[in-house]
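Each protein sequence line maps, in turn, to chains A and B.
For the first sequence, our numbering begins at 40 and goes up steadily by one.
For the second sequence, our numbering begins at 40 and goes up steadily by one.
No lab work stands behind these hints, which were simulated from the structure alone.
Since the structure is predicted, the reported quantities are computational estimates derived from the model, not experimental observations.
Hints may be right or wrong, so weigh each one.
It does not matter which identical chain is meant; a pair holds if it fits inside one copy or across any two.
[Unchecked claim] Below, computed lysine to aspartate or glutamate pairings styled on EDC-like, alpha-carbon distance capped at 16 Å: (1) K175 with D71; (2) K220 with D71; (3) K83 with D69; (4) K175 with D158; (5) K220 with D97; (6) K83 with D136; (7) K175 with D69.
Residue-level listing of the chains:
Number of protein chains: 2
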Amino acid sequence: MRVMGVDPGLTRCGLSVIESGRGRQVIALDVDVVRTPSDEPLQKRLLAISDTVEHWMDTHRPDVIAIERVFANNNANTAMGTAQAGGVIALAAARRDIDVHFHTPSEVKAAVTGNGRADKAQVTTMITRILALQQKPTPADAADALALAICHCWRAPMIARMAAAEAQAAAARRQYAAKLKAAR
Amino acid sequence: MRVMGVDPGLTRCGLSVIESGRGRQVIALDVDVVRTPSDEPLQKRLLAISDTVEHWMDTHRPDVIAIERVFANNNANTAMGTAQAGGVIALAAARRDIDVHFHTPSEVKAAVTGNGRADKAQVTTMITRILALQQKPTPADAADALALAICHCWRAPMIARMAAAEAQAAAARRQYAAKLKAAR
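Isolated chain A (complex conformation) (with noise of 0.2 Å):
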């Protein structure tokens, strides 16, 4: 499988690509951050982000898409930008019917370091160590974006597992419906 990993930002967004192997094993293809400068006017610099975004959908073509999940949390006007970002990159995979997942911030965390609250520097640690790279990936925005999509490899048979226990249970109560009908 395919990932790309996306932390969205406006001033930087990180882009990773990784394959998974068997089991644990990832590799990564590519990485890289965008940036935007903060004196464009927002259109312009959704654009940018976008037309780079697609250029990697489009050279890499990814099974699916990790989008880092934005909480209003912190700093309102910086996730107001990063939601707009995350935003016209979830477009661009709808455009291309590829798969979108959102995952928390902790969830990447944990999944990559064990622990949901590790610092910047404990999970740029682990994916150094992860992807066997010569070197630390920098800035932290392209340490992030890796960690997604190897939180999204690992993520993805439970993924999978809690997906089909839904359709399954919709099935079930679909069939208990139609039973109730035919019984009145």
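Add chain B to chain A, keeping to what the hints say.
Quick look at chain B alone, frame taken from chain A:
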């Protein structure tokens, strides 16, 4: 000037097109609300909104898009969805080289009712009167989209004057810097 007003949202996204004439004259050309089901994946909802908005842009060919500026004050989760929807709309405008302006809810209310803290009923009443509509626009998102477009029409001369003043100031700064350099 033809202005498209957008009250962004995932569940309901208000769209309007207004043409401004002499002075404060404004004519409503179209208004509608795009709805997307909340049980659809986010990326599909964004795609549905983007497709409709792009169709409106290509049909009505607005000169400018006026979008409501979202704040994360109230409901943070809703605000995130609203920001994502706003992002894909701004992107659609950027792809067509259409200018985008954001107006805050209180700027819109102040422009339309004279009171930045007017309630929804007051805004709807004033919109109906200003546009000489046969009936009140519903739902509120439709009225808001019309209010946004009117707000932009009426604020546009002031926005243009501010942009001109800023450009003049920047030119003066550059001239002064060049003089300083020459004097050294």
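Each hint, compared with the structure:
1. K175 with D71: For K175 and D71, only the intra-copy Cα distance (13 Å) is at most 16 Å; the inter-copy one is 51 Å.
2. K220 with D71: neither (56 Å within a copy, 39 Å between copies)
3. K83 with D69: The answer is neither: 25 Å in one copy and 27 Å across copies each exceed 16 Å.
4. K175 with D158: The answer is within: 15 Å in one copy meets 16 Å, while 54 Å across copies does not.
5. K220 with D97: This pair counts as neither: shortest intra-copy Cα distance 49 Å, inter-copy 48 Å.
6. K83 with D136: between (25 Å within a copy, 9 Å between copies)
7. K175 with D69: within (14 Å within a copy, 54 Å between copies)
Violated hints, listed in ascending order, are 2, 3 and 5; each of the other numbered hints is respected by the structure.
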